[in-house]
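Taken in sequence, the protein lines are chains A and B. Last residue of the first sequence: 543 (my numbering), numbering continuous. Last residue of the second sequence: 1044 (my numbering), numbering continuous.
The set of hints was computed from the structure by calculation and includes no laboratory data.
Straight line, CA to CA, 30 Å or less: simulated DSSO-like cross-link-like pairs of lysine-lysine: (1) B:Lys856 - A:Lys133; (2) A:Lys444 - B:Lys1040; (3) B:Lys780 - A:Lys523; (4) A:Lys520 - B:Lys780; (5) A:Lys279 - B:Lys862; (6) B:Lys1030 - A:Lys396; (7) B:Lys1044 - A:Lys362; (8) B:Lys1018 - A:Lys409; (9) A:Lys133 - B:Lys869; (10) A:Lys364 - B:Lys1018; (11) A:Lys364 - A:Lys540.
Coverage of chain B stretches by chain A, computed from C-beta distances (three or more under 8 Å per stretch; other residues unrestricted): (12) 795-801; (13) 822-829; (14) 856-870; (15) 986-992.
Here the structure is a predicted model, which means the values were calculated and not measured. No residue lacks a Cβ here, since even glycine has one placed at the ideal position from N, Cα and C.
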Amino acid sequence: MANIKIPRESFEKDIGKLDEKMQERIALFGTTLEDFDEKEIELEIFPDRPDLLSYSGFKRAFLGFLGKKTGLKKYQINKPEKNYKVIIDSSVKKIRPYTACAIVKKLNLNDEKIKEIIDIQEKLHNTLGRNRKKIAIGIYPLEKIKLPITFQALEPDKILFQPLEEDKEMSGIQILEKHPAGKEYASLLSGKPKFPIFKDAEKNILSMPPIINSHLTGKISNKTKEVFIECSGFDLKILKKCLNIIVTSLAERGGKIYAMELKYKKKITTPNLTPEKRKISLENTNQLLGLNLNEKQLKTLLEKMGYDYSKKIVSIPAWRTDILHEVDLIEDIAIAYGYEKFIPEIPKVATISEENKNEIIKRKIAEILIGLNLLEVSNYHLTNKRDQFQNMGIPKKQEVGYLEIEESKTEYDILRKNLTAYLLKNLSKNIDAEYPQRIFEIGKVFNPEEKEKLSIALAPGNFTEIRQITEYLFRMLDLKIKFKERENFPPYFIEGRVGEINFNNKAIGFLGEIHPKILKNWKIKMPISLLEIDLEEIFKEFD
Amino acid sequence: MQRIIESLSPNEIKIIPYLNNSVDEICEKSELDNTSVLRALEYLHNKKIIELKFEKKKIVEIGVNGSLYRSKGLPERRLLNLLNEKHIISLSEAQKESKLSNDEFKASLGALKKKALIELKNGKISLNANREEISKKSLEETLIESLPLEHNSLSPEQLLALKFLQNRKDILQIKEIKIPKIKITEIGKKVLEAKKDFQERIEQLTPEILKKDSCWKGKKFRRYDILSPLPEISGGKRHFVNQSIDYAKKIWIDMGFKEMSGNLIMSSFWNFDALFTAQDHPVREMQDTFFINKTEELPNKNLVKAVKDSHEKGVAGSKGWEYEWKEELAKKTVLRTHTTCLSAQMLSKIKEKNIPAKFFAIGKCFRNETLDWKHGFEFNQTEGIVIDENANFRHLLGYLKEFARKMGYEKIRFRPAYFPYTEPSLEGDVWDEEKKEWIELIAAGIFRPEVTKPLLGKAIPVLAWGPGFDRMIMKIFGIKDIRDLYKNDLNQIRKMKFWIK
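Okay, chain B solo, but in the shape it has when bound (with noise of 0.2 Å):
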C-alpha cells in the first residue's frame, strides 16, 4: 500500500480525485491533455488502484462527401429542385444544369425513382411528386443532418437511410472507438483514503535539483515501477555477416595463418588454368560462371609456359589434359567462382626460404546462378592453404577437424570427391548436434603437381581446402532463406543477436 502511494507520478495524482468522472471530464478538471490522462490510467491499471476497460461503439460519422452535402445539399435534392423548376427535361440538359458529376446524376437518378419521385421516359425526365413531397425532407437528409450518432441508437428509419447512403461514395463512415471505462478497486479505494499521504515527491534527477542540498535533503523519491515494459532501443554494429567472416578469421589467425587477399575480378588463368581446369571444363562455360566484357593481362611468360605445358603435355611425371592450350581463353575475365586463385597467385608468389608456410583467405566467390531462397550468385568462401615438404593427407584431416571444432563441430566424417586441382580429394560433413543431421561443409585436397610445379616450381604437397561459408552464418543466426544474407532489412539487422565465439 505505501509502495503503491509512493510510485504515484505527479499525473496519477492529478487524476486521482476525480477518477469517478468520464475521461474528458478527468481532462478538463486535471488541466491534462488526453494522451496525459490515458497514459496515468494506464499506469493506474498496472498498479491495481483501478481497472481499465475499453468498451467498444459504432460510431457513424459524416464522410468527406457527406459534409459538402451537408451545406449544398444531396444531389438528388440538387436535382429535384431543377425538375421543380423545369417539369420535365432531357437527361443531358439536367446533369448539365443540375452540375453534378456523372457519378452523382447517377446516383440521384437512382434515389428519386425508387421513391417514384420521377419518371423516365424517352430520355426525358419528369416530376411526378407534388408540392409537399418536394419539400419534404429525406431520411437520408435527416439522418445526414443528425450526425455523429451511435450506431446502438440508430431508429429503424435511420438505419434504413444509413444502409441507402453508406453504398455511396464518403458520404458516411462508420468508426469504431474504444471508450474507456474507469473501475476503481478495493485497493484504489484504499489509496484514495490515503489522499493526504499524498507529498511532493522527487520526480526525475535534474542537475537543478543536484545544485542545491535542500532540493533533496530530506524529501522522498518517487518510487518507479521498474517492471513495466520498455519501448526496445537498438545500437550500431556490423553486419552479422561480417561478425561471422571475423571470427573464421581469428580461426585461421590462431592456428598460424597468415591473410591473403586479392581481386574480385580474375582473369581465367589464375581462376582455372592456373588450376589445371581444362579449357573444356564445363565450369568454364556462360552458363555457370560470370564472365565480364574485357581481357586481362597475363603473368610473366615463363609462368604461362609453364601452366601450357602443363596442360598441353603435364609436368612432373604427368600426362597433361592432352590438348592444345589456348592463350586467349586464359585472358578471359571472370568474377572469381573461388578463393583458390588467390591461392594459386600465392603460389606464384612465394620465396623457397618462406617454406613451410600456411596461408588463408576469406571472401566473396560468384556463380551465375538464379536467386531464391536456396541459391544466390554471390557467396563466401573460406580457403586455407599448407605449403609444406612434409605435408600429407593426415595433416590435411587434423586442419580441416580443428577449423570445424572450431566452428563448433565436434563430429565430422570425409568422403572422396573430385577436383580438377586436387588430388587426392575429399568433401567432409559436419555433424549437427542439434538437428541430429550431417552438414555437407568441407571441399579440400592436396594440390596437384599439375598446379603446384608450374606455379611453385616444384612438386610438393600443397594441401588446399574451400569450405563455403554462408550455410554455416545461416545456421548460426537461424536464417533459412539465403536471400536474407543480403536483404539489409534494418528491422533483422538491429534484432540480429550478437555472436559469441
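Isolated chain A (complex conformation) (with noise of 0.2 Å):
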C-alpha cells in the first residue's frame, strides 16, 4: 500500500480547513488519513486507486466526493504536431513489447512540482507498476531531445550512454552490475539476448527502461517547461491508464496536453481520453446497498464520484483502472451516499448454527484434563530444526519429513511435526515457576501431513503418573487402549519405560519418560513424563 504526503497549506488552500469533520471525510471517502501535522497531511491510498497516487489525483476526486466539483472531469488533448512519433521497433517485441506515450506543455516546474512529478512515478512504479515489472515510467526534458522517438532493442554491450547521476557513459551490461538502479532492478532484463533502449532522432539513447534514464537526456530540472512522457510494459491497456494518470495530474497543474502518434505495425495515438461506457442498473444497486434510490439520486451520487450519468450508462474516466464490473460502480456509489449513512439491520432468515464436530471432541478432551489439574499452553505452529531435533536427540540422517518454509523472516523455519519438542521448550523456559508443572496442547502438527495431535507433559512426573492420565481420559472419552512394548520408538524416551498406544489396532502414538540426555539438552532438572497422541482416529470414531 502506498501513502502520498500533500503540503497542509495547499490541502487548506484548495479544498478547506483540516478540522474534524474534514477528517472524517477523508476517512469516508476511503483514503486513511494516516498522519498529519502543521506542514504535511499523510494519506494512505488503497491499491485499486492509482489514480489518487499524487495531489492533483487525490483533489480531483476528493472535490467530487465533497460536492463541489462533480462529474466526469474533462481534459482537453491536442493533436500531434510535426514529429510527434515514437517508432516501435520490431525488436522490442519479446523484450518490452509496448509503450504509451504523450508531450505535455506549459509546465512550470519548479522544486515542488518536479518533486511531485517524481513522486507519481515512483508511486506508480511501486503499485500498479509492480516494481517497474509491469509498468516503467520515463519523463525527459523535451529541449534536449530531438522527435521523433525510436523504441528498440539491442545487444547489451551496444548500448552505451551515461545513466543519471554518473559521470560516465557505461555500457548495458555495466549498468546491470555496477549503477545502483541497475543493480536493484537487474533481475528484470538479465538474461535477455537485447535489452530495450528509447532514443531520438539524433540516436542519443534516453534511457534504457525499465531500469534507468540518461543524465543528458533523461533528467528534468526547473527549466523544463516541456516532457515527453513514456510508459512501457507488456500490456498496452494497463500502459494507456497509466499514461493518463500521469498526463491528466500534469494537466491539473496547467499543462498541456499533446498526443503522439505510435507507429506499431498499426498506427495508433495516445493518450485517449474517451471515457469507457457500463451500464448501471438502479435495481442491482437498490439491491446489492439495501437502499431506495431513484434514478436522479442515482445520478447525483455517480457524479459525486467523478463519472457521469445518462441513461442507465456511466461513463468511466479513462484514469480509473479499478472499474471491472458493475459491483465497482455499486461501491463508489455507496461511498458517495456514505458508509455513517447506511442502517445496519439483521435480517430474519432463519439458518441452524452448529459446532465442528472434531471441535467438540477437543473441547471435551480439554475439559477433562482440566479437571486433572493441567494447564493449557498454546505454541506457535512454526519452529526451526535445533528445537524439532538436535534437542530432542533425533540424528542428523533422520532429519526428514518436515515441510520448510521459504524465506522466513525470523529463525522459525519449519513446521513443527510434533508438540512433544514444544512442551518440552515449554518447561525448559519454566524451571522458575512453580512445581508440579503439568500441561497440555491439543493442535496441528506436520508430518508432513496435517494433523490434530495431543500431547501432555508431567514435572516431575513419571510412567505411572502418565500411563494413568491416559487410562483417566480414555475412559472418560469411553474408548478402549492398549498399550504396547515396542522395539522403535522415538529416541528421547528410556528404553523400558515406553510405551506405544494403540487404539482400533492402529499405533496413534506413545508415552514414556524422557531421557536425561534430553532433559540436559533442554537444561531441565525435573523427570518428565510425556504422552503425545494423534487425535485423528478418535475423530473418526466419533464421526
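Fit chain to chain and form the complex, with the hints in mind.
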C-alpha cells in the first residue's frame, strides 16, 4: 500500500480546513488519514486507486466527493505536432513489447512540482507497475531531445550512455552490474539477449527501461517547460491507463496535453481520454446496497465520484483502473451515499447453527484434562531444526519428513512435526516457575501431512502418572486403548519406560519417561513423563 | 484477650514461657526446631503478644580457601617457611617447591614484600627477616584463627587484616544476618499471666478425633487466625487465547452460524486464485506470505477452468484481470494468510437447497513477518459468511454491529476499504469506552461476482468478514506485547484471570 504526502497549506487553500469534520470526510472517502502536522498531511491510498497517488489526482476526486466539483472531468488533448512520433521497432516484441507516450507542454516546473512528478512516477512504479515489472515510466525534458523517438532493443554491449547521476558512459551490462538502480532492478532484464532503449532522432539514448534514464537527455529540471512521457511494459491497456493518470495529473497543474503517433504495425495515437461506458442497473444497486434510490439520486451520487451518468450508462474516467464490474460502480455509489448513513439491519432469516464435531471433541478432551489440574499451553506452528531435532536427540540423518518455509524472516523456518518438542521447550523456559508443572496442548502438526494431536507433559512425572492420566482420559471418552512394548520408539524416551498406544488396532502415539540426556539438552532438572497421540483416529470414531 | 488465648497454637503455647530468652535458648527449652520457633514467634507477633524485630548484623566468616589455609597455613606462610630453609632461591624454583598456584604465589610475594620480609632481585627471592619476625604470627593469621567475628567488634588491627584478606579470593566472607529481638507487649504480659487458662484445644480435625465422641465432646477448638495471608494456589485451565476463541465461537453459534474448518496448509488456488487475487498481486510474494517447499493438487477441472476464466476474461459481466492465468502458480503451497480460503472452499461445496446459509470459522493464519512487540507471524482470525439471494450491504453492517456488541463494543463505525475479493468493501472501528479511542477491528465486504460465480455457480450476494482476533484478546487480558500471547510463561497463565463473558 502506498501513502502520499500533501502540503497542508495547499490542501487547506484548495479543499478546506483540516478540522475534525474534514478528517472524517477523508476517512469516509476511503483514504485513511495516516498522519498530519502543521506542514504535511499523509494519506494511505488503497491499491485499487492509483489515480489518487498524486495530490492533483486526489484533489480531483475528493472535491467531487465533497460535492464541490462533480461529474466527469474533461481535458483537452491537442493533436500531434510535426514529428510527435514514436517508432516501435519489431526488436522489442519479445523483450518489452509496448509503450504508450505523450507530450505535455506549458509546465512551469519548480522544485516542488518536480518532486511531485518524481513522486507519482515512483508510486506508480511500486504499485500499479509492480516494481517496474509491469510498467516503467520515463519522463524527459523535451528541450534536450530531438523528435521523432525510436523504441528498440539492442544487444547490451551496443548500448552506451551516461546514466542518471553518473559522470561517464556505461554499457547495458555495466549498468546492471554497477549502477545502483541497475543492480536493484537487474532481475527484470538480465539474461535477455537484447535490452530495450528509447533513442531520439540524433541517436542519443534517452533511457534503458525499466532501469534508468540518461543523465543528459532524461533529467528534468526547473528550466523544463515541455516533457516527453513514455510508459513501457507488456500490457498496452494498463500502460495507457498509467499514461492517462500521469498526463491528467500534469494537466491539473496547468500542463497542455499533446498526443503522439505510435508506429506499431498499425498506427495508434496516445493518450486517449475517451471515457469507457458501462451499464448500471438502478435495481441491482438498490438490491446490493439495501437502499431505495431513484435515478436522479443515482446520477448525483455517480457524479460525486467523478462519473457522468445518462440513461443507464455510466461514463468512466479513462484514468480509473479499478472498474471491472458493475459492483465497482455500486461501491462508489455507496461511498458517495456515505458509509455512515447506512442503517445496519439483521435480516430475519432462520439458519441452524452447528459446531464442528472435531472441535467439540477437542474441547471435551481439554475439559477432562483441566479436571486433572493440567494447564493448557499454546505454541506456534512454526519452529526450527534445533528445537525439533537436535534438542530432541534425533540424529542428523533422521531429520526428514518436515516442511520447510521459504525465506522466513525469523529463526522459525520449519513447521512443527510434533507437540512434544514444544512442551519440553515450555518446561525448559519455566524452570523458575513453581512445580509441579503439568501442561498439555492440542494442535496441528505437520508430519508432513497435517494432523491434530494431543500432548501432555508432567514435571515432575513418571511413567505411572502419565499412564494413569492416559487411561483416565480414554475411560472418560469411553474408548478402549491398549499399551504395547515396542523396539522402535522415539529416541527421547527411556528404553523400558516407553509404550505405544493402540486404538482400534492402530498405533496412535507413545507415552513414557523422557531420557536424562534430552532433559539435559533442554536444561530441565526435573524428571518428565510425556504423552503424544494422534487425535484423527479418535475423531473418526465419533464421526 | 480470651480470643487471643483461644487462638494459640500448640507451638506458640510451648514457647510462651521462654519468651525472655534468645531464640537459640527457646529452641533448646521448647525442643522445637529453629524454623518452627521463628514461625511461632511470627504468629505471636501477628497476635500482638510480642513485638518481633530483626537486628541486622554483619558477621565475618571464614571462606572456602580460608578454611583450607586455616589448616595448611596461608600461602605466604608456606613461602616464608621455604625461604627460612633456603634463604635465597629463584622465583620459578620457589613456586615449584612451595607448591603454590600462580595466584597464590603472586599474592604471597606481594604480602611478604609489603611487610619487607623478603627482597626481589634478578629473578631471585632473598629472605630479609630475622627469626623472630619469621615466627611471629601475622595479623591475617590471627584474624583467620579467631573467626567468626561480628564486624562491629573488630579491633583496628583486625580491620586492617580484614582489608588485606578481603582482596584475596574466598578467604573470608562477610554475611549479613538478622537476629530476632523479642519484646513482650502489654497484651503479651496479660496473656502470660493468664497462663493457667492455656488448656488443650483441638487443632486440625482428623478422622481419628471423629472416630470417638470422647475425643471432641466438651473440648474446645483452637481459634484460627482466619485473616492471615496464605500462599496462593492455582488450578488447571484453558489457555487464555483458547478461552477467548471459545467465546467468539459462542457468539457465532448464538447468531445461527455453522462452523467451517480446514487445513492451515493451502494451495495458492484456495488462498488467492479462488478469491480473485491476481497472480501478480504483491501479497503473493514471499515477502508477505509463507510459501512451503511443495505443491498442492488442484480441485476438479471445471472449477479450475471457471476460476481461470474469471481471472483471464471475467465472468458475470466482469472484465476480469485480462492476463494469462497460470496453473503452476495456483499449485504453490502456502500457510493460509486468512480464513477466507475456508469460505471459498465452502462456497464450492454448498448445495443449492441449503441456501440461505451462514458459516463461521476461527483459526490461526500466517504472514511472513518479523517478531516484535507489535508484529507476529501467526495470528487468529474469525471469519463469517452469509450466503443469501437477498443479502445486502446493510445486512453486512447489521451482522458486524451485532458481533461487535457481543464482544463488548457498543459503538462501531464503518469506512470504505479495498480487498481484491469483495466489493463493496469496508473496514470497521469499534469504540473503546475505557481508553476513549477507536480500535481498528473489522475487515469485510460482499464477495465479488468474480468470486461467487465460479465457486457457487451463480453470482449471488455473499456477505463476508474476517476480523483479526488477537488485538481483542490482548485488550481483554491486558497484554501489551503480542509475543506474550504465546510465551507460555506458566506464572502468567496461572495468574491470568478468567474471561467472564
